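Residues in the sequence shown are numbered from -4 upward in steps of one, following the numbering used here.
Treat the hints with caution; some may be incorrect.
Derived EDC-like pairs: lysine to aspartate or glutamate, alpha-carbon spacing no greater than 16 Å straight-line [what the hints assert, rightly or not]:
#1 K52 to E88
#2 K52 to E4
#3 K52 to D70
#4 K52 to D30
#5 K52 to E83
Please keep in mind that the hints were generated in silico from the structure rather than gathered at the bench. This one's a predicted model, so the numbers in the text were calculated from it and none came from an experiment.
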Amino acid sequence: MFSIRRHQEPAAGASRTVRFEGRELSGPVSLFLVDAPPGHGSALHVHPYAETWVVRKGEVEFTVGEARTRALPGDIVVAAANVPHRFENIGTERLEIVCIHPDETIRQELA
């Protein structure tokens, strides 16, 4: 048995980032497929679980707690549970990253 959620092109001017919660298809993992222009990213936030990012395209700066690091395509970055974090596209091209949340729903609070 399997379930599938088909890709849909966003409306003109809408965010190109896709949010998927595993519970939609009875899955245990949720994620964001981020597609962001230069200078954009997330606000500082926190989760009760670790978050894993997979960088697909672009250059990104992650802030996790007081630490900062840059990541490039192919890099995988993990932030510990309950530690405030954010990311920002610091490159000149669009940023594509996968943000993996090990829960059937995305549980996130602004920090």
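Which of the numbered hints are not met once you compare them with the structure shown?
2
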